[in-house]
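Chains as they are written, first to last, in the working numbering: chain U, 1 to 669; chain S, 1001 to 1100; chain V, 2001 to 2485; chain W, 3001 to 3570.
Just so you know, these hints were derived from the structure itself, not from any lab.
Since we're looking at a predicted model, the values are computed, not measured.
A few of these clues could be false.
Covered, in the sense of this in silico footprint (three residues per stretch, anywhere, with C-beta under 8 Å from a C-beta of chain U), are these stretches of chain V [stated by the list, open to error]:
#, region
1, 2183 to 2192
2, 2210 to 2216
3, 2312 to 2322
4, 2347 to 2353
Quick list of in silico lysine-lysine cross-link-like pairs, DSS-like style, CA-CA up to 30 Å [as the list claims (entries may be wrong)]:
#, chain 1, residue 1, chain 2, residue 2
5, U, K607, W, K3485
6, V, K2438, V, K2483
7, U, K523, U, K165
8, W, K3444, V, K2371
9, U, K470, U, K164
10, V, K2156, V, K2039
11, U, K501, U, K389
12, W, K3027, W, K3157
13, W, K3111, W, K3027
14, U, K25, W, K3444
15, W, K3104, W, K3027
16, W, K3485, W, K3104
17, V, K2438, W, K3157
18, U, K25, W, K3370
19, W, K3024, V, K2438
20, W, K3370, V, K2371
21, W, K3111, W, K3053
22, U, K164, W, K3444
23, S, K1099, S, K1026
24, U, K607, W, K3024
25, V, K2371, W, K3485
26, U, K607, W, K3104
27, S, K1087, V, K2156
28, U, K67, W, K3485
29, U, K501, U, K468
Some, not all, of what chain U presents toward chain W, calculated at C-beta under 10 Å [to be verified]:
#, residue
30, I14
31, I18
32, R119
33, L141
34, K172
35, T191
36, W546
C-beta atoms are modelled at their ideal positions from N, C-alpha and C, and glycine is treated no differently.
Residues per chain, in single letters:
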Amino acid sequence: MFDNVWLIPILPLIGFLINGLLGKKIKNETVIGGIAAGAVLGSFVVSCMTILKLLSLPSTERVAEVKIFSWITSGTFNADVAFLIDPLSCIMIMIVSGVGFLIHLYSIGYMHGEEGFYRYFAYLNLFTFSMFLLVLGNNLLLMFVGWEGVGLCSYLLIGYYFHKKSAGDAGKKAFVMNRVGDFGFLLGLFTLFWYMGSTHNIWTIRFTEMAASSHLLPTGGIVTVITLCFFLGATGKSAQIPLYTWLPDAMEGPTPVSALIHAATMVTAGVYMIARMNYLFIRSPETLTVIAVIGACTALFAATIGTAQNDIKRVLAYSTVSQLGYMFLAMGVGAFGAGIFHLMTHAFFKACLFLGSGAVIHSMHGALHHAHSHDDAQDMRNMGGLKSKMPLTFATFLLATIAIAGIPGFSGFFSKDEILWQAFSNPHHGNLNLLLWGMGAVAAGLTAFYMFRLVFMTFFGECRITPKAKDHLHESPMVIVFPLIVLAGLSVVGGYIGIPKVIGEVVGGIPNYFEHYLSPVFKYSEEYMAEHASAHAGVHNVALEWGLMGTSVLIALIGITIAYTLYVANTGIPARFTAAFPALHRAVYNKWYIDELYDFIIVNPCKAFGQFLWKGFDVVIVDGAVNGVANTVMAFSGLFRLMQTGLLSNYAWSMAFGVVVMLSYFILK
Amino acid sequence: MANLNSYLIISAILFSIGTVGVLTRKNAIVIFMCIELMLNAVNLTFVALSRHLGNLDGQVFVFFIMTVAAAEAAVGLALMISFYNNKESIDVDDVHLMKW
Amino acid sequence: MDMISIPAINMTPILPEIFLSSLAMVLLLITVFSPGGSKSLLGNISFIGIAATAVLVGSGWGANISSFNGSVILDNFATFFKMVFLLSAGLSILISDKYMNREGCNHGELYPIILFTTVGMMLMASGTDLMVIFLGLEVMSVSLYVLAGFNRNNLKSNEAGLKYFLLGAFSTGFLLYGMALIYGATGTTRIAKIATIIGQMTLPSANIMLVAGMLLMFTGFAFKVAAAPFHMWTPDVYEGAPTPMTAFMSTGPKAAAFAASLRIFLIALPTLQAEWGQLLWVLAVLTMTVGNITALRQDNIKRMLAYSSIAHAGYCLVGFAAGNGTGTAGILFYMLSYAFMNIGAFAIIILVAKKGEPNGTVMDLAGFGFKHPILALAMTIFMFSLAGVPPTAGFIGKFYLFSGAIQKGYIWLAILGVLNSAASVYYYLRVIVYMYMKEPNEEFEWTVVTAPVALALLIAVAGTLIPGVVPSLLLELAQNAIKLI
Amino acid sequence: MSNILSLTTFLPLLGVLLLFFIPKENKAVLRGLTLAVTLVTFIVSLLILTGFKTNAEFQFVENVPWIAAGPFVMRYNIGVDGISLWLVILTTFIMPISVLSTWKAVEEKVKEYMICLLILETSLIGAFISIDMFLFYIYWELMLIPMYFMIGIWGGKNRLYATVKFFIYTMVGSLLMLVAFIYLYMLGTQAGVTDFSVLHFYNLKIDPAIQVWMFLAFALAFAIKVPMFPLHTWLPDAHTEAPTAGSVILAAIMLKMGTYGYVRFAMPLFPEAAHRFAPLLATLAVIGIIYAALVAMVQEDVKKLVAYSSVAHLGFVMLGLFAFNVNGMTGSMLQMLNHGISTGALFLIVGFIYERRHTRLITDFGGLAKQMPIFATMFLIVTLSSIGVPGTNGFAGEFLVLLGGYESELRWWTVVATSGVIFAAVYMLWMFQRVMFGELTNPKNQSLLDLDAREIAIMIPLIVLIFVMGVYPNPFIEKMDPAIKKLVAQIRPASMDVKKIDTTSPAAHGAIQSQSGLQAPAGYQGMSGMPGAEQPAGHSGTNGQMPAGHPGMSQDGQTSEPAINPHESK
């Protein structure tokens, strides 16, 4: 049925191998880029075929597994390299291959002339491969392979400009923080495996088997432990509090990388993982609460930081963190479908935004380079007025911005609104719901504010670089612009496959296709919820839903208005505001000093402790004990030597002494 | 006849005197004489025991001891002489070239 | 009046002794009558004589003949030890010539005296009467005094001879007194009879005369094997004596003392094993520890080997303390292997040393490893064997010694033994460190390896390595030898 | 081909004989010959692999008399089973690489060096294939000698201290083990054991109280070799000072000797004691993982860092072993191979830059990636493998270890150990970053040459294996699986249910015990009163329900972990 699904991951792997091993010899950028992009395009085609095939099946039969080979078999444990085809994985491979292809294409233009061009594309293909493994893997371990693999590629690509120390640092930070998450992932895996095995004799890590036996799991208790562990994994990968700090730093990588890895695909892996194991998470109200709260906090917190950043990519990075917070909020309130929906729309508009910013940076960089200026090409304070210079970029960027801001009619609106409504109305968190909704709504307002601040600072007003450089600003080539257009288009229309029920009813009974499509995946959760429905009661009030929708749109509009006021109409205010509240601004600008805090409470103590263990414990105590024994023996050696006086009478005394002691012991005994 | 124990005690005392002499005296020849004293104490023991036990083994032993002592004396004195040739002393405290 | 009838005496058991003594006397006569003659010739003759004796002794394997009214015996135990003595003497003779020539004291008397020493040792091994053992001991000792002081123009040699003589005679006093007391307690000097009589005692360990006799007699042997605290003479005498004689002294006489004491303790005094086992336990630990620990800080290589020799006596005492088949067979095997490896090591020292500085230090060996790779390899093998690292004879020997103790239940003794062994590794390795891992201080003089020395080294290496890899034959022989007593 | 094992073992020794006849000036021939000999040995060893039948038995067994004297019978008894098979192959595989690795670095005393290498190979292979315990011990000690020389003669500045420390450290442990060996044999003879073959002793029912002491003696010796915290301090010194090949062999093979010793001897011989000390050893293993990682993090010398990383890796191996289940053991065995390959490769990498720059200080480097791209790629791959990134070999082993540990009673230990994966990433990547990334500031580094053909040729096989074992570890697991299952069954002691404890043998022990001071209470009951003793009662009864290979670990009442053990309340 899905026999050729193995092509999806294998094509990028082949691309990786060709470019990685021979890229240096090929040299021709078109060939290298063509191989890489072609491989992903191939995957995209196969993905399309796969999803079409899947859709042709009745919705109850939309699950298939394709085993490639048996990977690790030991004792009770078995993990195959096998792929799981179901609606969820299909939507993910569509996103990964589709957006991935566009970004590959874009990269050909963006990375033109870079040293290590082949290396870049090799890594990018490797990333795509890993991402496919992650989403297609039919068991936790294979998912973990992809999970680690994307982390690795992220590390490599962040550190692409390895001669910059900050790039190396950022890569390492990303990897290590991801590892902290992996620690949780592994523990979750172990606990689940051990628990199911030892209590029910079901030794499995296969998703389908786990789902089928999920009814054996209790509510709360061990499941809370398992899910919290997995959630720790998700926070690492998806940059949630407390492990979010690596993502803004990850902007050291080339911009298309940020678009692909740190916006559209990899960082959403955590969301995917939770959705994949929704039947677990739904069984632990505690974990859901934790996820929802952390998601909401992240959404709000990152948004605040986003308002004060001047680096265009950093704004987008914090925006990503914030949006991921939304997705987790969705997961936390049990709105798995909505979360995945937002994941998809976010992939469209955030990829578009990143690529757009990349086009801007690319252009700025070229211009500044020509003008021999050392100004920062990514600093928005150097930009301004670019809309005339780069009209296509501006147009696409604006569309995507509107989408993210949640203006009705654009994709972001549908997905975000669905989440906010679920946050308010879900049956899981009781009184907390209002707070969750409130945080989400405020974050939405902040999002609208900082995104439009970005647009205004970049594209409106006067250009702030030297006139000489200004002349060199120009629109990007087609290979760059084309992906922007496609993504912008998707940002606009992508939301219509998942129109919320209330709206759908109004405009003529359009169902929420997306939710329908995904519902087999969340079957077990729904069954669980149905069983426990009496215990929880959600809110179902159409009028209220409309009201809340209106409120959030209003908040977004307010945000836009403020941004317009501050950065277009009355540009003096921000400076005055900063002057009025210097401490606040400094705190926000410096990201609330979270990095410093981590350094202070974790990194430095670890290093100091390591130093102590080495210089103090290893050398002084352990080796000291060893050498101490040796030295003591040696000291005795010196002592014994001195007893050997060379004087005959002493020797005779020694003998006599020996005789006397012997005799007296044995005779007096 | 004095009983066996008297002989044994006498010889033990002689042996001890010899031992103490070895331990305290510094002149090599005197030390050697003290050793001879010890050997003679042994001889006395043997003879007394032989007499007491009524067999001759002990007395035969004494002959051997005396013979051996003579041989030892010959070699020992030769060694002392050759030491004296080099060091012009037979004080054992001067025998300290090798130590530690 | 009865005629004194001379009983029929079977001379077979002492035939080798008679042969060697005769040879020694002939050699003495040769030296007397041809004072300027080649001393190497004497050496060669005595080596051949020793080889011939070895054949003679070896042909007696398996026999069990008691003679001289039970005073001497020819059994496998005696034969095994005699082979050890002959080996020790033979190897020492092989390495003597070069040394003595260099030091200018190649007097012809050397070889006969070595042969006499050997005769003494052989008597000790085959004697079954305290008297014979005493005589053998004295023949050996008196000859050794001479050998220790043989380089009579050298003050150190003088000192060594004098010290050894005075202390040796002193210890003889104790030995004899012990024998006298045992005689008093049992009324006989025949070992077998002593055993019978003690066997009839109700509580031999309460017999003060017997116990004191045993202790005093043991003192005498402990002195010869250099067991602490009767070991103090060893380093000084070994250092001062001519190196080949040190090699000889550290192997043959030590083995002889073990032979005699094993026979006495195992045959005559098995009923007192609780007592002497305890005693030997303590002495073994003391001896190993003192020997090894003191050796750690010795730079003088001869002195270092002297302390090492004390330690090795300690290892053997471990087997002795166990007193069982495994342990005692271990002693036999060990004494044989020790003869090979220790004389081999001394042979190298002789080759390395320069005239007038016969007491090389470990530092003198710096860079030796790559100047004379074959000699250094030999030395390495000896050192590893002394340290008890497989696959060498030294390891197998220690294995059996400690096994004996473990079999007996003396676990702690074995543990202390192996810990000592581990400590000893340091100073043996130090030699290797200097040979291979330090740059030479000065250029070496070319060391001429004479044929006899080469032969000695060859035998020593073979004797160290082969029993290390295939020890079966020798172990079986040792087992057989110990079976009879 | 019945004596193919002997052939593999002694081929290198044959090479030594050949080397003797080659003049020492002829360095190229010396090197070439050694390489040829090691390669031939490798090829011959592959015949073992191909001829190996996947079952739990020893194969290619050769058993001929060797020593028989007194109470002892030693036989030349060798064979491979699933446990030793891969270690033998690993040894023969690493050796040609080691020879190549110091092709240029060792310019002096080449002949002696090559002789050392070959003797080392013989002793390593010999130790892995010995069934006779005495034979094992001989090889075990023998291998110290060439390594001692390799460090001492061709090592770095502080080599004398390092090599003597290495030798004596190891010696102390192994001599104590020797005492236990002998004692064990004595016990065996009383139970009718006729020779030193370890197989006889597996069936011996030894009084647990005596087991404790013997286990400790064995464990100490092997722990020093592994090395486990806190007996690890010889390792950084030895590694740092050793020449590249020495480090490679030391890390790749010799350390495995310690863990192999646990698998082959310490654990199956003394199962009760092994179980009793599992918490202690697991604690040390876990401390080792974290401790070594923290210490590695602050190292200034690349080689020392790698050495400490070894300690951490072997901590995982030990943890897996003491999980006492198939997953943990399989993981440990895999991890042994993985560590051999990755850490071996890391030492090679360090060797490459040391040969070029004659320094190993991290601060002397930086930005090498620009100058040496091939090197950078390989270094990266090896680093990732050492971290245990999935897809590389390091992952499967580490994962199974942790999984096994988690299934066993060592759950909390495993949780802590799992955090080791974070630290591994920290110190390895930080090192990698400081060496390879950043600006190429140091002028001395600006003229560095990338790897040459020889160096690439050394690395390629390792890198291929890194991926092969990472992507498809099953063939490796399959071969060892039956042996591991059997082992797990063996280690699952009879005392798991208390009544089966053999009470007949203590009577036979009496003779030995009475004087040894190890007065053992008769039977097993004495154990339960001791601190830390397991509660055997908890094990009985439910074992039957467990699937094969899971010796009822999780059945034990986990008093210390209320949160995570829901079935406890049943």
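Each hint, compared with the structure:
no.	hint	verdict
1	2183 to 2192	violated (count 0)
2	2210 to 2216	holds (count 4)
3	2312 to 2322	violated (count 0)
4	2347 to 2353	violated (count 0)
5	U:K607 to W:K3485	violated (42 Å)
6	V:K2438 to V:K2483	violated (48 Å)
7	U:K523 to U:K165	violated (48 Å)
8	W:K3444 to V:K2371	violated (37 Å)
9	U:K470 to U:K164	holds (27 Å)
10	V:K2156 to V:K2039	holds (23 Å)
11	U:K501 to U:K389	violated (42 Å)
12	W:K3027 to W:K3157	holds (24 Å)
13	W:K3111 to W:K3027	holds (7 Å)
14	U:K25 to W:K3444	holds (28 Å)
15	W:K3104 to W:K3027	holds (10 Å)
16	W:K3485 to W:K3104	violated (45 Å)
17	V:K2438 to W:K3157	holds (12 Å)
18	U:K25 to W:K3370	holds (17 Å)
19	W:K3024 to V:K2438	holds (20 Å)
20	W:K3370 to V:K2371	violated (46 Å)
21	W:K3111 to W:K3053	violated (39 Å)
22	U:K164 to W:K3444	holds (20 Å)
23	S:K1099 to S:K1026	holds (18 Å)
24	U:K607 to W:K3024	violated (49 Å)
25	V:K2371 to W:K3485	violated (54 Å)
26	U:K607 to W:K3104	violated (37 Å)
27	S:K1087 to V:K2156	holds (11 Å)
28	U:K67 to W:K3485	holds (26 Å)
29	U:K501 to U:K468	violated (54 Å)
30	I14	violated (15 Å)
31	I18	violated (15 Å)
32	R119	holds (8 Å)
33	L141	holds (7 Å)
34	K172	holds (5 Å)
35	T191	holds (7 Å)
36	W546	violated (45 Å)
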